[in-house]
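J.: For this one, chain A is given, so just place chain B on it according to the hints.
Chains as they are written, first to last, in this note's numbering: chain A, 1 to 345; chain B, 1 to 105.
Derived by calculation from the structure, the hints in this document are not laboratory data. All C-beta atoms, glycine included, are put in the ideal place defined by N, C-alpha and C. Do not take every clue at face value.
In silico DSS-like cross-links for lysine-lysine, where the CA-CA straight-line distance does not exceed 30 Å [claimed, not checked]: (1) 20/A x 41/B; (2) 66/B x 41/B; (3) 20/A x 66/B; (4) 66/B x 208/A.
Examples of chain B residues lying across from chain A (beta carbon under 8 Å, computed) [as the list claims (entries may be wrong)]: (5) 52; (6) 73; (7) 76; (8) 77; (9) 80; (10) 84; (11) 87.
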Amino acid sequence: MLELALDSVLGIGVVWLAWKALTGEDPYRSAVLYIAFGLVMALAWVRLEAPDIALAEAAIGAGLTGALLLDAASQLSRRNDGPTDRGQRRDRARESRPDGMPQGGAVRSRKATDALVPAGALLLGGVVAVGIAGVAGEPGGLTGLADHSLERSGVTHGVTAVLLNFRAFDTLLEVGVLLAAVLAMLVVRRTSDLEGVLPPSAAAPVVKLAAGVLVPLMILMAGYLLWLGTHAPGGAFQAGAVLASAAVLLFLAGHRSIGGLGATTLAVILVCGLAGFLTAGIVTLAAGLRLLELPPAWAGPTILLIEGTLAISIGGTLAALFLGARARAPGDVQAEIGPANSAPE
Amino acid sequence: MTPVEWLSAVLMILAGVFFLGGTVGILRFPDTHSRLHALTKADNLGLGILVFALILQAASVAIALKLLLAWVLALVASAASSFLIAGSAAAAEVQAGASAGEADA
Chain A
1 MLELALDSVL GIGVVWLAWK ALTGEDPYRS AVLYIAFGLV MALAWVRLEA PDIALAEAAI
61 GAGLTGALLL DAASQLSRRN DGPTDRGQRR DRARESRPDG MPQGGAVRSR KATDALVPAG
121 ALLLGGVVAV GIAGVAGEPG GLTGLADHSL ERSGVTHGVT AVLLNFRAFD TLLEVGVLLA
181 AVLAMLVVRR TSDLEGVLPP SAAAPVVKLA AGVLVPLMIL MAGYLLWLGT HAPGGAFQAG
241 AVLASAAVLL FLAGHRSIGG LGATTLAVIL VCGLAGFLTA GIVTLAAGLR LLELPPAWAG
301 PTILLIEGTL AISIGGTLAA LFLGARARAP GDVQAEIGPA NSAPE
Chain B
1 MTPVEWLSAV LMILAGVFFL GGTVGILRFP DTHSRLHALT KADNLGLGIL VFALILQAAS
61 VAIALKLLLA WVLALVASAA SSFLIAGSAA AAEVQAGASA GEADA
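Just chain A, with the same shape it has in the complex (with noise of 0.2 Å):
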């Protein structure tokens, strides 16, 4: 009964935070509503007895790619309006017009095909819903299989054994894209490096300090993370989103280090899961083995090893993808772009 609540109240919440992100006019409003969702979600996988995606929910989708839109909502609103204050911004747009549109914001007029997207969500929903009910009840499907194969596939944590041994090359293909997507992002900046990254204004000492405490933690932690990976809820994903967040933390704090990424440096790190992972590839052929069949005597110490290249290739991207936005281009006028957070002194 209590389960029912609480299970009730996550899938409402989720639900309801979605929708409130997606149609608020206030994009800082929708950036905080989409955190909210991300860590209520992490809730919702936790409830569903999958800890490795709920980890990742709250590291990547909640703290990364919220502090992601926030950035973007701040840069956004620095070009439209300039250093305002938001407060007058909010009380302008809720002032109407005479013919009784909101000011300011993007405001498209309706029309009929606005109810094309709720009618399809719901349509979606219908079906997914349908193809549940069937599936709920037979026995599942290569779960007996891949529990019979645990022992042989060097590590004791099944999450594990199917991402990086029973199905390597999935995951070999989707590090493959977040390459894609970090180059995908050094193109649209014109960039090939991080330098210039750093926020003119010199940051705050609290945060210095806050760095000077977390970051040491944080590198311990992602190390952790990819150790536990074996045997427990953890991995390389996780360990590279928490090596992502401290590579933020640093760049908030204004740590020389992340100024100075030259493009070597960077295209080594972004490169170096996909190349170990290709590498395990090659060896397996070259051994007359099929591709990624990891020999069970091998199997653990060359999963660590590939997930301990991926977790340094998914921090790095991820903190690409934060850190590319400052970058400058060449040609590029830097605005005053960097978080107001200096005291008043």
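T.: Quick look at chain B alone, frame taken from chain A:
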């Protein structure tokens, strides 16, 4: 239930009260600074009481220490971010005051 479990349950309800109070404060207080004040009550004190309640039920010392570490890290993060939010709100108020003064002049 043993006395320790009773104490743990009471502390968890108390932590819930603090979180509720903090949330009501965020929703009802008039400006950013007082809302931050309410937020830190929920975040630091409520979380601390909750962690203490969980430590009473922890299976081993290692788990209890990890819970304590989680609370300390939450304190550091919330202190730094509260400072940044308050500074940004103060700077925005100064700007709003300045532009209102210009509009009058």
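J.: If a hint holds in the structure, say so; if it doesn't, say that too.
T.: Against the structure, the hints:
1. 20/A x 41/B: Cα-Cα ~27 Å, so holds.
2. 66/B x 41/B: It holds: about 22 Å lies between the C-alpha atoms, which stays within 30 Å.
3. 20/A x 66/B: violated, 35 Å
4. 66/B x 208/A: Roughly 24 Å between the alpha carbons, so the hint for residue 66/B and residue 208/A holds.
5. 52: violated, 21 Å
6. 73: holds, 7 Å
7. 76: Holds, about 6 Å.
8. 77: Status holds, d = 7 Å.
9. 80: Holds, because the Cβ-Cβ distance from residue 80/B to chain A comes to roughly 4 Å (cut-off 8 Å).
10. 84: holds, 5 Å
11. 87: holds, 4 Å
Going through the hint list in order, the structure does not satisfy hints 3, 5.
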